[in-house]
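Spelled out, the chains give:
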Amino acid sequence: MDQTAIAFRGVTYRAQGRVLLGPLDLEVRRGETLVLLGRSGSGKTTALKLINRLLEESEGTVLVDGRPTREWDVISLRRHIGYVIQETGLFPHYTVEKNVALVPRLLGRPETEIQERVAGMLRLVDLEPQEFRGRYPHQLSGGQRQRVGVARALAGDPEILLMDETFGALDPLSRAELQQQFMEIQKQVRKTTVLVTHDVGEALLLANRIALLEGGKLLGIYSRAEFLNSSDRTVAAYRACGNLQFPGDDRHA
Amino acid sequence: MLEFIRLHRVEIATLTLEHIWLVAISMAIAVLIGVPAGILLTRKPKLREPVIGGANVIETIPSLALFGFLLPAPWLGARADRIAITALALYALLPIIRNTYVGITGVDPGVREAARGMGLTSRQMLWQVELPLSMSVILAGIRTATVLCIGIATIAAAIGAGGLGEFIFRGLAMVNDSLILAGAIPAAILALAVDLGLGWLEARLRPPSA
Amino acid sequence: MKRVAIVLCCALALLTTSCGSRPNRLVIGSKNFTEQLILGELLAQQIEHKTELTVERRFYLAGTYICQQALLAGRIDMYVEYTGTALTAILKEKPSSNHQEAYQQVREQYARRFGLAVTEPLGFDNTFAMVIRGEDARRLNLQTISQAAKYAPQWRAGFGYEFMERPDGYEGLARAYGLRFAAPPRIMDLGLLYRALKEKEVDIVAGSATDGLITALGFVVLEDDRHYFPPYDAVPIVREQTLQEHPEVKTVLEALAGKITAEDMRRMNYAVDGEHRDAKQVVAEFLRAKGL
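Protein chains in written order, with the working numbering: chain A, 1 to 253; chain B, 254 to 463; chain C, 464 to 755.
In case anyone wonders, no lab produced these hints; they're calculated from the structure.
Note that CB positions come from ideal geometry on N, CA and C, so glycine has one too.
A portion of the hints provided could be inaccurate.
To be verified - Covered stretches of chain C (in silico footprint by chain B; criterion: 3 or more residues with CB under 8 Å from a CB of chain B, positions within the stretch not fixed): (1) 515 to 523; (2) 535 to 547.
Stated by the list, open to error - To give a feel for the contact side, a few chain B residues facing chain C, derived at Cβ under 8 Å: (3) Glu256; (4) Arg259; (5) Arg262; (6) Val263; (7) Gly321; (8) Phe322; (9) Pro325; (10) Ala326; (11) Pro327; (12) Gly330.
To be verified - Computed footprint of chain A on chain B, listed as stretches where at least three residues anywhere in the stretch have a Cβ under 8 Å from a Cβ of chain A: (13) 390 to 403; (14) 427 to 440.
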């Protein structure tokens with residue numbers, strides 16, 4: 001049980017009479033990066049949001065650290081989970097420093113610790129603290145903003161990281177850069193990560209395992225190798241349309 | 254005209270101060286009630302229709318009529334300044350409530366979602382995200398309301414509340430242009446000054462967009 | 464942001480204290496017709512001459528209600544009111560036909576309800592006067608209102624706003640004398656009534672007993688034989704607070720008791736209205752002549 005960070009048990013999500021997700025049974029192992037892959041409307045974002053209770057399941061149970069999310073204090077739950085969305089949602093009226101320091105401040109950490117943490121997080125995402133901490137989001141490029149978003153999500157030292165199409169809005173070069181960056185970070189911090197994407201290439205690059213979703217149902221969970229060799233028609237279709245090029249194929253196999 | 258101003262400068266100053274006082278008190282009341290009301294509407298959307306609808310109705314009542322309605326009210330109606338301040342505050346409510354509501358609901362949904370996801374409580378959301386980011390819009394509402402009040406306050410002199418309208422009404426009764434202008438010009442200047450001043454503040458408070 | 468708030472609060476505090484009379488400054492109000500201006504000017508000059516206080520004049524206030532509000536709010540310190548008006552329009556009591564009774568009632572209630580002091584009457588009664596052209600009076604041999612009532616159906620009447628609306632105005636008069644006019648009375652500004660009468664746009668107006676134009680234009684005041692109109696003795700009304708802070712004002716006002724007769728008032732009114740003389744001068748002359 002300790003190895004399971006997140007678990008979905010018979011989870012269904014219904015909205016306006018329609019079933020958008022489920023029934024879903026899924027486990028996320030501690031320290032792994034699980035990618036939820038699927039097209040728009042496949043339910044992957046829904047599944048993600050059930051983890052930090054931005055949405056509530058209609059049936060079934062979502063467990064985080066062995067406890068049903070329903071039993072967690074929802075604010076506490078969210079503060080212990082890092083959350084990065086595609087638009088970053090950086091507070092435009094806060095400096096980079098204030099943005100990144102947000103969760104540690106909410107958790108009541110002492111100020112000196114917060115300052116160190118902010119600097120540390122910025123370095124982690126390859127942004128020189130001296131240069132960037134006083135800037136405002138509108139003074140940053142798209143890529144830089146995404147990095148701050150990741151730094152912010154990690155600042156509270158969460159057990160779990162949720163990422164929703166985080167690299168989707170960036171130009172290909174920035175996207176590639178950030179994906180590399182993310183893998184570096186993972187080597188250092190080893191967070192349990194659930195990452196939502198519709199991009200096959202990204203999934204294969206970043207994932208330990210890939211959970212393929214379609215029409216709200218889980219089609220299967222695959223390791224990289226399994227995904228590349230699967231004879232399943234849907235998987236094959238994904239392989240076909242993805243631009244599958246992997247420079248330096250030596251990461252977590 | 255200049256000679257007139259020089260001769261009557263004390264009176265002009267007195268009436269201008271009275272005018273400002275009427276508007277200031279009314280606006281203070283309207284903001285203290287209106288902004289929380291606007292915030293409440295974002296939390297309880299069901300109230301939106303009745304509250305904004307109600308404020309709308311008040312807005313359509315001609316000012317002089319509203320003054321008249323309030324005359325027989327107990328305590329309120331006993332003093333002209335109370336009537337004037339009440340009416341002015343009522344008129345100021347709609348722009349303020351509406352802009353507060355629009356400002357807050359207009360906050361970038363991405364920011365809102367990120368904030369929720371990070372574990373901000375509803376209260377923290379309000380003070381750290383929603384209010385700072387909607388301050389510019391709220392201020393726009395206050396600006397509209399204040400300029401409106403400065404105008405309506407000139408009519409308050411008709412019921413004895415003092416202010417620059419006294420010059421205007423007197424000038425009308427005596428068919429004296431100088432008097433009318435002595436009331437109208439300061440009122441207009443006041444309105445312009447407030448409009449520009451708050452406009453500047455509004456621009457400063459606008460959150461920088463990416 | 465905080466600094467802005469502090470500045471605003473200070474400004475507000477400054478404003479609230481600066482409204483109304485300052486330490487050695489009194490504000491004297493008056494309504495917006497000639498007699499009121501003269502009386503206001505009279506009070507002002509007396510206080511200026513007999514005390515160390517400076518006086519600010521806030522004349523031409525648009526009516527009884529406005530003056531009352533200004534007094535209550537402290538925007539003016541005093542003005543001259545008429546007992547009959549105070550009784551019915553402000554105190555909402557029934558009109559009285561007795562001078563002493565009216566005065567006592569007004570004095571007692573104003574003190575109790577508003578904290579306003581009513582000093583001694585100035586000496587004349589500005590009651591309503593039903594006024595007709597001299598030629599009509601002579602031709603039809605009219606001296607009283609009862610006599611004139613017979614011709615009412617052929618006449619047009621002209622009255623001011625207050626006269627139309629007040630309980631002690633047109634409504635009661637029509638009932639008391641059985642007046643019925645051909646058409647509803649024309650309502651116009653007080654200042655325009657006599658001109659309309661002269662130009663024959665109306666045949667009878669409700670004026671005041673002290674109107675200067677009455678003698679000047681050769682008009683005639685009809686006698687109120689049924690004693691409908693209540694007394695309207697002119698009395699200064701002052702804020703209690705003002706009297707307490709400046710007892711010398713009380714002395715000045717008491718010295719004016721009974722010093723102005725109806726004829727005095729009519730003459731001063733005519734000097735300003737008819738001869739277009741400056742009110743300040745007219746008042747100064749009067750005060751000198753009376754040795755005040």
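A quick look at each hint next to the structure:
By the rule of at least three residues with a Cβ nearer than 8 Å to a Cβ of chain B, the coverage given for the segment 515 to 523 of chain C holds, with 3 such residues. For the segment 535 to 547 of chain C, the proposed coverage by chain B is satisfied: 3 residues have a C-beta within less than 8 Å of a C-beta in that chain, meeting the threshold of three. The interface hint given for glutamate 256 (chain B) is broken, as the beta carbon of that residue sits about 17 Å from the closest beta carbon of chain C, more than 8 Å. Of the supplied interface hints, the one on arginine 259 (chain B) is violated, with its beta-carbon coming no nearer than about 16 Å to a beta-carbon of chain C, more than 8 Å.
The criterion of a C-beta within 8 Å of any C-beta in chain C is not met by arginine 262 (chain B), whose closest approach is roughly 12 Å, and the hint is violated. The beta carbon of valine 263 (chain B) comes within 6 Å of a beta carbon in chain C, closer than 8 Å, and the hint placing it at the interface holds. The closest approach between the C-beta of glycine 321 (chain B) and any C-beta of chain C is roughly 12 Å, which is over the 8 Å cut-off, so the hint fails. Taken as an interface hint, phenylalanine 322 (chain B) does not check out: its beta carbon lies about 16 Å from the nearest beta carbon of chain C, beyond 8 Å.
For proline 325 (chain B), the suggested interface contact is broken, since its CB lies about 12 Å from the closest CB of chain C, more than 8 Å. Here the hint on alanine 326 (chain B) is broken, as its CB sits about 15 Å from the closest CB of chain C, past 8 Å. For proline 327 (chain B), the suggested interface contact is broken, since its CB lies about 14 Å from the closest CB of chain C, more than 8 Å. Of the supplied interface hints, the one on glycine 330 (chain B) is violated, with its beta-carbon coming no nearer than about 11 Å to a beta-carbon of chain C, more than 8 Å.
Counting residues of the segment 390 to 403 of chain B whose CB lies closer than 8 Å to any CB of chain A gives 0, so the stated coverage by that chain is violated, three being the minimum. Residues of the segment 427 to 440 of chain B lying with their CB closer than 8 Å to a CB of chain A number 0, which falls below the three-residue condition for coverage.
Hints 3, 4, 5, 7, 8, 9, 10, 11, 12, 13, 14, counting from the list given before, are not met by this structure.
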